[in-house]
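Colleague: Each chain, letter by letter, is given below.
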Amino acid sequence: MLKYTVKRILLAIVTILIISAITFFAMNAIPGGPFSKEKAPDPAVQAVLEARYNLDKPVGQQFILYMQNLLHGDFGVSLKTGREIATVISEKFAVSARLGGMAAGFAIIVGLVLGSIAALCRNHWPDRLIIFLTTLFVSVPSFILATMLLLIFALQLKWVGVFSTSNPNYVLPVISLMLYPMSYITRLTKSSMLDVLGQDYIRTARAKGVRESLIIFKHALRNALIPVITYVGPMIAGILTGSMVIETVFTIGGLGTEFVHSINNQDYPMIMATTIFLAVLMVVATLVSDLIYKLVDPKINFD
Amino acid sequence: MSTPLLQVKNLSTSFNVDSGEVRAVNGISFNLDKGKVLGIVGESGSGKSVTAYSIMRILVEPGKITGGQILFNGQDIVQFSKKQMREFRGKRISIIFQDPMTSLNPVYTIGNQLRECILLHTDRNREQANARALEMLQLVGVNEPEKRLKQYPHELSGGMRQRVMIAMALACEPDILIADEPTTALDVTIQAQILELMQELQKKLGMAIIMITHDLGVIADMCDEIIVMYAGRVCERGTADEIFYNPRHEYTKGLLRSIPRLDTNHARLIPIAGSPVDLTNMPKGCAFASRCDQCMKICLESLPEELQINDSHIASCWMNVKQVYMEAEKEGAV
Ligand SMILES: Nc1ncnc2c1ncn2[C@@H]1O[C@H](COP(=O)(O)OP(=O)(O)O)[C@@H](O)[C@H]1O
Ligand code: SF4
Ligand SMILES: [Mg+2]
Chain S
540 MLKYTVKRIL
550 LAIVTILIIS
560 AITFFAMNAI
570 PGGPFSKEKA
580 PDPAVQAVLE
590 ARYNLDKPVG
600 QQFILYMQNL
610 LHGDFGVSLK
620 TGREIATVIS
630 EKFAVSARLG
640 GMAAGFAIIV
650 GLVLGSIAAL
660 CRNHWPDRLI
670 IFLTTLFVSV
680 PSFILATMLL
690 LIFALQLKWV
700 GVFSTSNPNY
710 VLPVISLMLY
720 PMSYITRLTK
730 SSMLDVLGQD
740 YIRTARAKGV
750 RESLIIFKHA
760 LRNALIPVIT
770 YVGPMIAGIL
780 TGSMVIETVF
790 TIGGLGTEFV
800 HSINNQDYPM
810 IMATTIFLAV
820 LMVVATLVSD
830 LIYKLVDPKI
840 NFD
Chain X
2 MSTPLLQVKN
12 LSTSFNVDSG
22 EVRAVNGISF
32 NLDKGKVLGI
42 VGESGSGKSV
52 TAYSIMRILV
62 EPGKITGGQI
72 LFNGQDIVQF
82 SKKQMREFRG
92 KRISIIFQDP
102 MTSLNPVYTI
112 GNQLRECILL
122 HTDRNREQAN
132 ARALEMLQLV
142 GVNEPEKRLK
152 QYPHELSGGM
162 RQRVMIAMAL
172 ACEPDILIAD
182 EPTTALDVTI
192 QAQILELMQE
202 LQKKLGMAII
212 MITHDLGVIA
222 DMCDEIIVMY
232 AGRVCERGTA
242 DEIFYNPRHE
252 YTKGLLRSIP
262 RLDTNHARLI
272 PIAGSPVDLT
282 NMPKGCAFAS
292 RCDQCMKICL
302 ESLPEELQIN
312 DSHIASCWMN
322 VKQVYMEAEK
332 EGAV
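From first to last, the protein sequence lines stand for chains S and X. Position one of the first sequence corresponds to residue 540 (the working numbering), numbered consecutively onward. Position one of the second sequence corresponds to residue 2 (the working numbering), numbered consecutively onward.
None of these hints come from the bench; they were simulated from the model. For every residue, glycine included, the Cβ atom is placed at its ideal position computed from N, Cα and C. Hints may contain errors.
Straight-line Cα separation of at most 20 angstroms, SDA-like style, residue types lysine to any residue; simulated pairs [as the list claims (entries may be wrong)]:
#1 S:K838 / X:K10
#2 X:K205 / X:D225
#3 X:K65 / X:S82
#4 S:K757 / X:A130
#5 S:K833 / X:K151
#6 X:K37 / X:K204
#7 X:K10 / X:L60
#8 X:K92 / S:R750
Here are the in silico distance ranges between beta carbons for each label pair [what the hints assert, rightly or not]:
#9 S:L834 / X:V61: 25 to 35 angstroms
#10 S:K542 / X:Q194: 32 to 42 angstroms
#11 X:G159 / S:K546: 45 to 55 angstroms
#12 X:S158 / S:T554: 36 to 46 angstroms
#13 X:Q152 / S:K546: 19 to 29 angstroms
#14 S:L675 / X:D19: 27 to 37 angstroms
#15 X:E136 / S:K542: 36 to 46 angstroms
All chains should be built: construct the whole structure from the sequences, respecting the hints.
Modeller: In structure tokens form, the structure reads like this:
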């Protein structure tokens, strides 16, 4: 287990290095630079700025310099706003994580419950209804769902306020963000549950005289969870790092929005920092979900 | 005569599927006395497992008992409520299954699964249940029982898992143990060990056993009585000696020809030709007719009558009736 974990962490570091390198060279390959869009900067000023941020050096050397700073915990400053990037990221991530955490939590709980219900009521109306709705949520793009929710519940019915920094109402953004993963988890849970309920050990449990509710919650659910966990790990990372679409529709200034802005502005250090941060988060979430997998399924032996 | 421990009367079980009603069990009857061993033999698909699951009432959709009674100490289990049934299963009658590799829950330890049924059916506390689990593992000959309690099913061999299944089934001292092909999935040497263990436990604990198999050879010297099943019906019933040395149903004879035997000098084994009958569309005569060498006109037209050959031996084959006629003819009675 320990050996496996260490191996996975080393692999993760390599992955992140590769992602960093690709991003770094790709963003430098795009024409233009952080200062080229400014209203005709004085060539002398631009030269000073570029020297200040090492932009006058060859790209390879720039990358090495950047990674060196990074190892010292220095993400640099935004070329656009001049703010410390570490501060910006932690600020924006707090918003995204809050939104994403709620969405992921609800998606998992509701998904597991609905999936189990659908499996147990197979071919009866609750199953049909659940499958109809989840198919809808999986197939309609989230920006359409989010816009519809906003139109209906905030603008027409006025049940909830529109999100604003002075009045942060997370209801609609959370719902918009959770619908897709929730639906996916529901369907995954249902098929996995149906598969498990047909297994021989369920028959054994029944033959022992175990009550039906315990058969489901003790004997079936834990087995049914195994395939769901593989999906949930990366999903949480994806959600936590902020859905750019949802953040844009609800004008929530989270990490997703920041990422998009940084690319538009060619704000090099900002692009690097957000990319690396997202990559680390993704890798960690996958690792954690693998370890949970091991806890749930004793057959998995990593070493 | 006292009432038998278990009386199955005219039991029928069907599966309603799209293509029609699969009549897996068609009115079978038998009795089982306390402490006796009853063998149920038949080819794969003859309704043995469905009979066992009907007795345990663990049939899954769309399986349904469509008629008959299952009397345990005179009480009809078919009429039991769900709650009554839960208290009954695992306590009065237990079952072990064909495939020990898949019959234990992979995510719980052996100890957890053993304790579960002990806690369900007795008023032992957790600690006592654990002690009982340990005692049962020792009884079924599992080595290093303390360690096994903490292990998961995948860490045990097939033979060990079947021993665990037996320990689990017997932990609450049931009156009847149903063994549904308990050795079919195991290696030959392990098969013999498991059968030996079951005989030993039967002597020690005195429970009755329903031993289900498709292999007559397996149960030859362990059963007090044997039922031969085909297409969800009982073809023949008798003591092991009667079935082996005086078979009175063409299907039983066919089964006997298909197993290796020491007492006759059959040069080779002859499997029964043809395939089992379509259970959704049963013929009106003998279900075995299409595969029977001795098939007569009457066999196609009406169900063979059950003929009592002696007190313990019955068979449902028109050949017996023909024989009776021929003997009577010889004596000039007809
Ligand atoms: N779940 C099911 N759905 C439909 N038919 C079934 C089902 N289970 C069993 N049957 C039918 O019942 C017949 C008897 O099955 P079974 O009792 O398992 O035979 P065996 O004697 O090999 O144990 C099978 O041939 C099959 O057609
Ligand atoms: S009744 Fe007829 S067809 Fe059926 S087994 Fe006997 S002889 Fe064969
Ligand atoms: Mg079977």
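Colleague: Each of the hints needs a verdict: does it hold here or not?
Modeller: Hints versus structure:
A distance of roughly 45 angstroms separates the Cα atoms of S:K838 and X:K10; the hinted pair therefore is violated under the 20 angstroms criterion. Pair hint X:K205 plus X:D225 holds up; C-alpha atoms about 17 angstroms apart against a cutoff of 20 angstroms. Under the criterion of a C-alpha separation no larger than 20 angstroms, the hint pairing X:K65 with X:S82 is consistent with the structure, at around 15 angstroms. Between the alpha carbons of S:K757 and X:A130 the distance comes to roughly 19 angstroms, so the proposed pair stays at or under 20 angstroms and holds.
Under the criterion of a C-alpha separation no larger than 20 angstroms, the hint pairing S:K833 with X:K151 is consistent with the structure, at around 17 angstroms. The hinted pair formed by X:K37 and X:K204 meets the criterion: a straight-line CA distance of about 10 angstroms does not exceed 20 angstroms. A hinted pair counts as satisfied when its Cα atoms are at most 20 angstroms apart, and X:K10 with X:L60 qualifies at roughly 18 angstroms. The suggested pairing of X:K92 with S:R750 holds, with an alpha-carbon distance near 14 angstroms, which does not exceed 20 angstroms.
Taking 25 to 35 angstroms as the suggested C-beta distance range, the pair S:L834 and X:V61 conforms, at roughly 30 angstroms. In this structure the hint that S:K542 and X:Q194 lie 32 to 42 angstroms apart at CB holds, the actual value being about 38 angstroms. Between X:G159 and S:K546, the C-beta spacing of about 33 angstroms breaks the proposed range 45 to 55 angstroms. Range check, X:S158 to S:T554: Cβ separation about 40 angstroms, and the 36 to 46 angstroms hint holds.
Taking 19 to 29 angstroms as the suggested C-beta distance range, the pair X:Q152 and S:K546 conforms, at roughly 26 angstroms. In this structure, S:L675 and X:D19 meet the distance hint of 27 to 37 angstroms, their C-beta atoms being roughly 29 angstroms apart. For X:E136 and S:K542, the Cβ-Cβ distance of about 38 angstroms falls inside the hinted range of 36 to 46 angstroms, so the restraint holds.
Hint violations for this structure: numbers 1 and 11, all remaining hints satisfied.
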